[in-house]
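There are 2 protein chains.
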Amino acid sequence: MARPYNFSAGPAALPEEVLRQAAEEMLDWHGSGMSVMEMSHRGKEFTQIATQAEADLRELLAVPANYKILFMQGGAIAENAIIPLNLLGDKQTADYVVTGSWSAKSFKEAKKYCTPHLAAGALTGPWLAVPPEPTFSFSADPAYLFLCSNETIDGVEFHALPKAPAQVPVVADMSSNILSRPIDVAQYGLIFGGAQKNIGPAGLTFVIVRDDLLDRASPLCPSAFEYKTVAANGSMYNTPPTYGIYIAGLVFQWLKRQGGLAEIERRNIAKAELLYGYLDATAFYQTRVEKPFRSRMNVPFFLKDESLNDAFLAAAKDAGLLQLKGHKSVGGMRASIYNAMPLAGVQALVAFMKEFERTHG
Amino acid sequence: MARPYNFSAGPAALPEEVLRQAAEEMLDWHGSGMSVMEMSHRGKEFTQIATQAEADLRELLAVPANYKILFMQGGAIAENAIIPLNLLGDKQTADYVVTGSWSAKSFKEAKKYCTPHLAAGALTGPWLAVPPEPTFSFSADPAYLFLCSNETIDGVEFHALPKAPAQVPVVADMSSNILSRPIDVAQYGLIFGGAQKNIGPAGLTFVIVRDDLLDRASPLCPSAFEYKTVAANGSMYNTPPTYGIYIAGLVFQWLKRQGGLAEIERRNIAKAELLYGYLDATAFYQTRVEKPFRSRMNVPFFLKDESLNDAFLAAAKDAGLLQLKGHKSVGGMRASIYNAMPLAGVQALVAFMKEFERTHG
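For the record, the sequence lines run as chains X and H. Going by my numbering, the first sequence runs without a break in its numbering and finishes at 358. Going by my numbering, the second sequence runs without a break in its numbering and finishes at 358.
Because the hints were derived from the structure by calculation, they are not lab data. A hint or two may mislead.
Said to hold, decoys possible - Negatives, chain X to chain H, calculated, CB over 12 Å:
hint, residue
1, Gln45
2, Gln89
3, Pro123
4, Thr132
5, Lys253
6, Tyr273
7, Val327
Said to hold, decoys possible - Covered stretches of chain H, going by a simulated chain X footprint (3 or more residues, C-beta under 8 Å):
hint, region
8, 5 to 18
9, 237 to 249
Here a beta-carbon is modelled for each residue, glycine too, at the ideal position from N, C-alpha and C.
Next comes chain X alone, as it looks inside the complex (with noise of 0.2 Å):
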C-alpha cells in the first residue's frame, strides 16, 4: 500500500527509500552487529558515517573550505541564544530583519545578550512580506546582521538575499528551506537551522560558519554551545545527536542520487507553481502572502468558508493527506512541501482541493 502524504511543517516528511534503508540497517550497520544509536561516537563505524554526512551536505552546498560545518544540538530555538554568545564579541548591537515568527523569536532572545536593532519588518505580524530593501536601516557598527530565510509559520521566503554593510556578516535562520536549492555560502557569515524539516529528525542542529567567526564567543558562552569548541572537536566535544547524524547522512545520499539541489530546485519550483496556481485560480481557497515572496517550502492558505475547516481536514486525512492544519498563529491550513515531498504528491492535494470544492462550493 501506498504511504500517505505527510504535508508536516516539522518534524517532517522523510524520503520513504530513507526510512527504508534504516529500518533494514536497525540492527546492523554494515556487517557491524551494531545499530547505529549503538555506535561510539568515536569509534571507526560512526566516524565513517559523520565524515561522509559532512563531505556530503559540503558537496551538496559547495561549502567553501573556509566555512566549518559543525552538528549541534537544541535546534533554531537555541541557537537564537548561542549565536549571540558566540557573535557579538564587544559590540553592543546587532541588525534583524524580521519577516515573520520565527526571526521574531530571534530579535526576543537577543535582548538576552545586547540591544538588538530591527533593521526592517515588524515584531508583530500578520508577516505577508520581505519589506523593499531601500528601507531597510542599519544600525552604526553590528555584530551581524540576522535574518530567516524562510518563515516556516508565515510562508514568507527571501528569494534574493538583501545587501548587508560592508564588512557586517549575514546570519540566515535556514531552518525550513535548507538544501531546497543552490546557494552561494560566500554571501553568509553563519547558516544554520534546524534538521527536522529539510534534512533529517529532530534534535540535530546544522551550523556553517566562516572560519574568522570563531573568535569571539562570550566566556558565559556554555562550552558545548562554543562554536570555536565544536569545530575544534569535529562536533564531537560533547556527544552528539549520532542516530540524527546517520539519517542526514542518508538524505544527503539520497539528494545526491536525485541530482544534487539544482534538479532539487527545479522540482521545488514545479511544486510551488501547481499549488500555489491553483490557489490563484479559484476564490474557494485564499493565500496571503504576496506574491515575490510567497514560500516554496510552507505554502499556508485558508478555506474561504473556515466553518469548513474541520470537514476539510477529516477528509484530507481520508484521502491519505496528513497533518495539513495551519499553525495556531496563523489559523487556516498550511502545506509544507519540502525536499521529501513528490510532485505526485502535490498533485494529489491539488486533486482533493478541487474535489473538495466540487462538493462544497
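Once you have looked at the hints, place chain H on chain X.
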C-alpha cells in the same frame, strides 16, 4: 544469527526487542502512516508517545509529584553549564564532589558562572574511590551540592548518597547509572544525564528537577535551556528530539516488562559480581578501583601485560564481543554492562577472558 555483545560505554547497546520494534514501526507507527521521525511534535500521535514515555519514567523511578521530568538536548556536558545558569540564583558558589573525569569536567565548566568549591575528591586522577564522608568540607552557602553518581570513564560509583548540608539541594549526574537500580528521588534536588547509556539514543537529555528550584534562572540562560520555560511547555518549548523520546519510551516499556528497577538491580548485581569476581580471581587481569566504589555499570580492567592489548581486542571482536577498548585517559579495557547487557553477555565475556588467559598466560 545471534547479535554480538556490545560493551560500548555510550552510545551503548539497546535491548534487541526495542530495536526490532523500532525497525518494524519505522515506516508506519501504529497505522498512522508516518514514521515517528515524521510526526509533528504537537500532533496527537507524538503527544501520546511523549506522555506515555514521561509517565513510564515517572513510574519506574517513583518520581514524586513535586518533581518535573524534562526532556532536553545537549547531554551532560551542556548541563554542566545549564545547571549553574539555572540554579545559582544570587549565590556565589556551589559545592562539587569530584570522583572522576566527568565531575572534574563539571567543576571546570562551573567556573564560567561562579567560584565552585571542591567539597571532596580531586581535580586530577587517577580516581579510584569516593572519599570518606567525614572528610567532606562544605562551603558556607552553596547553591547546590554536585556529584556524579557513576563515573563512566573511571568506573567509580556512589553506592550510598552522602549527606548534604540542610537545605542544600543535591544535583546528580546520573548519565551512566540512571535506571540501573531504584533510587529515592526525594533525596535529590535535580537528577540529570545524557540518555545514551541506559535510556536511548544520544541527543536526548533527561532532567528531573524539584519544583522549588525552577525559579532562580539567570537572565543570561538561553530560553531553550531554562528549566522553568521547558517545564511550562511540557518539554516542547523548542522541538524536542522526538525520535530519541520514542526510543526511550520503548526502553521504559521494556524495563517495565522485565519487572522494573528492583529486578533490574538484581540482574545488574549478578552481572557485576560475575565480572569482578573473575577479575579478583586472576592475576592476568587487574582492576584498580577500590572495592566499595566499583561501578556496576562500567568496569575498567587491564591486562597485566599491556603488550597484549591489541591481540585481546582483536580476538574479542572475533568472538562477538565489541567495543571493549578503555577510554584513552585511563587506558586498558572497559566493559560497560548497562541494563541492556544480558547476563549471557557477561558470561560470554568472562569465558572469553579465561580462554585468552589460558592461551596467552
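Evaluated hints:
no.: 1; hint: Gln45; verdict: holds (15 Å)
no.: 2; hint: Gln89; verdict: holds (16 Å)
no.: 3; hint: Pro123; verdict: holds (21 Å)
no.: 4; hint: Thr132; verdict: holds (30 Å)
no.: 5; hint: Lys253; verdict: holds (20 Å)
no.: 6; hint: Tyr273; verdict: holds (23 Å)
no.: 7; hint: Val327; verdict: holds (14 Å)
no.: 8; hint: 5 to 18; verdict: holds (count 10)
no.: 9; hint: 237 to 249; verdict: holds (count 6)
When held up to the earlier numbered hints, the structure conflicts with none and fits them all.
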